[in-house]
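Protein chains: 2
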Amino acid sequence: MAIIVQKFGGTSIADAEKIRRAAKRVIRAVKKGYQVVVVASARGKQTDQLIADALELNPNPPRREMDQLLSTGEQQTVSLFAMALDAVDYDAISFTGGQIRMLTDGVYTNAKIKSIDAERIHKQLDKGKIVIVAGFQGIDENENITTLGRGGSDTTAVALAVALGAEECEIYTDVDGIHTTDPRMFKNAAKIEEISYDEILELASLGAGVIHTRAVGFGKKYDVKMHIRSSSEEKEGTIITHEVPQMEGVVVSGATVQKDMAKIGLVGVDNVPGNAAKIFACLANAKVVVNDIVQTEVSAQKANLSFMIGASDLPAAKKAVEGIKDEVNCERIFVRDDIAELSVVGVGMRTHYGVADKMFSALANAKVNIDSITTSEIRISCIVNKDEAGKALEAVCLAFELDKPAEERGRGS
Amino acid sequence: MAIIVQKFGGTSIADAEKIRRAAKRVIRAVKKGYQVVVVASARGKQTDQLIADALELNPNPPRREMDQLLSTGEQQTVSLFAMALDAVDYDAISFTGGQIRMLTDGVYTNAKIKSIDAERIHKQLDKGKIVIVAGFQGIDENENITTLGRGGSDTTAVALAVALGAEECEIYTDVDGIHTTDPRMFKNAAKIEEISYDEILELASLGAGVIHTRAVGFGKKYDVKMHIRSSSEEKEGTIITHEVPQMEGVVVSGATVQKDMAKIGLVGVDNVPGNAAKIFACLANAKVVVNDIVQTEVSAQKANLSFMIGASDLPAAKKAVEGIKDEVNCERIFVRDDIAELSVVGVGMRTHYGVADKMFSALANAKVNIDSITTSEIRISCIVNKDEAGKALEAVCLAFELDKPAEERGRGS
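Residue numbers (the working numbering), protein chains in the order written: chain A, 16 to 428; chain B, 16 to 428.
Do not rely on the hints blindly, as some may be mistaken.
As the list claims (entries may be wrong) - Below, simulated DSBU-like cross-link-like pairs (lysine-lysine); rule was C-alpha separation at most 30 Å, straight line:
1. A:K127 <-> B:K138
2. B:K138 <-> A:K129
3. B:K138 <-> A:K138
4. A:K142 <-> B:K129
As the list claims (entries may be wrong) - Using C-beta positions, here's what the derived DEER-type ranges look like:
5. A:D238 <-> B:Q64: 41 to 47 Å
6. A:K236 <-> B:Q64: 36 to 42 Å
7. A:D189 <-> B:L70: 24 to 30 Å
To be verified - Computed list of chain B residues with no C-beta within reach of chain A, every gap over 12 Å:
8. A44
9. G113
10. S130
11. D307
12. S327
13. R347
14. D352
Simulated from the structure, these hints should not be mistaken for laboratory data.
Glycine residues also receive a C-beta, built at the ideal position from the N, C-alpha and C atoms.
Bound-form chain A, shown alone (with noise of 0.2 Å):
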């Protein structure tokens, strides 16, 4: 029999009737004769609030107690479950982490997963029973609870589908699948379809924020064929997946913009070795994260560097470049924090050329000045004036036909 991983995220099980319409979902897929694992977040708010009351006894938890308190958002909430499908006669049984051995490392708050028994779930499952996995946590090997992390429910879901051979992991969302750019920035945003990992990789690490980066890469290592879909609406949602022939078709598959972002740039600094070394080296110590590095010659003398980071991080960047100003003979620091990273995605730019030329004409027609360009293999990123990021975008989207599904793309309007 044919497994099949649901997993619902908190404010798909919020409250009673929202965990009834869940089971009814787990309900369809048994009918149609698959064995079905679910895996729950916690409920709604309940994690917030668990957080709150933890930093109300202390402003610095203990990362193992932080896990043990938790952890147990969803305990509650398999357990809710699996009596919502007793109450309409589904047999059903709730498990936590610990219960289904899903070892993971001792990285409390953050850890990864190594093993998981899936010999307990198919013996429950042969049993006729649906089974219920609490997502986000684990143990270590001395049985500590442990956490995922941010979006650790979906790593837990697509490491089940792994583990228990699933022919497919739905992933049910308040969205009804992902879009080819944000549909707040650009309202006739197309729901995809299809989507590679790689994609969504880009996707989401710029900001799409549907399903967690780790998900993702964990369901590309095993090819796990992944289905983000609404829990609310009947119709299929985006489907993820290996890279499959008819991608290539489509050049661009989705376009986002990334604003809460700033900029340093570093004008004048002596260009001898070790001194990029050094600028990145005092970053990291500060724990700012970087991107987009852009080195420059200016003379043989002198080069200009500049990188991109999380606005959050803008004051202790800041302190890190200032301090160590001196000693590379910088002539100047500045500092922009009005700015966005405007990008779009395809595997399609792999075969197909005129992506960027069509991308910067469409800029330049709408009137929007490109700071700096940044490429990978499948992604241009430009970044612009943030308070000109949206008209931005819609120039973008409608370049490259984002308002209609991929196969109405290119055939006139």
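Please arrange chain B on chain A, whose structure you already have, making use of the hints.
Below, chain B alone, put in the same frame as chain A:
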């Protein structure tokens, strides 16, 4: 180093402020040189909320899932308690029932403890840590979570005291100890300084309800010194211990009134072998718990039979005896639900005469009519009219000087 177990009930740790106050109790014991093991219940009304959440989804939730759900309440408290200690630089570690292998039988919602891994706790204590254990919960041999039923955290505490060889088991609660009677019914009730397991067992089952019978039974079996005391006040509470010689000097240790009961009488039952058995088999089938059975012969052929039940069982009990009435040739059934049971308890009764006489005289002087009387080795109980119960209790308390500390009694006022 001597070990002390400190148990905090739900009202003693209902919010951050109270958890901090409880933590101070722990620290005081540490400063006195004890290794401290804390047992914590769920916070305040948490368990009630979880039960309500469950019933909203399923009026008859599977017991395994109920235990999986309810055990989260204690798990939350212990991690928060550890955080509170960490905040004031005391090193603490929390454990669920499963983590210390509190092994129970598989009777969900009412499991019995089989063994505890004391080694894991000793190891942490020897590292200088305060160990916080979730009360009320264990696991069965298949790692399913079980709970110990009502008053389960008291039982956890006493069981840990036994397993660890603790010097004392302190039970912190919202009263300052056990009183000679319920202070709400007799405001001058004196606090008892020391009382035997047997007396408290009689008082608890009669409704004193400060500590759970099962925990006291456990304490008696393994001779654990228990100390019931206030979580908000400094003073000593009530010590429960094995019978010590000076207890015999105290004739009556306490008095209770139990109001939520009813009496059923079967008049003129055929006095032939097997009839009583038939009647009580019927009641057992109806799951009615029966107490204080009295049978009296009225003639060679006929007997009267009466017994006490909990008031909530009255409808089921009535139905049961009406069903058997003709078979045992009973002439008439009577029911009284306007009654209360007044009891006095004391190990001193074993060696002192005149206790019954003193009680009946006090009731006669107060013009309280006695419906019936039952006794055990250390208890005398009278059934009285419910509306005379308060007057009756006061008369008995004054007769036995239950408004004075034990050592001052019999000296006149």
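Quiz item: Which of the listed hints are broken here?
Solution: 3 and 9
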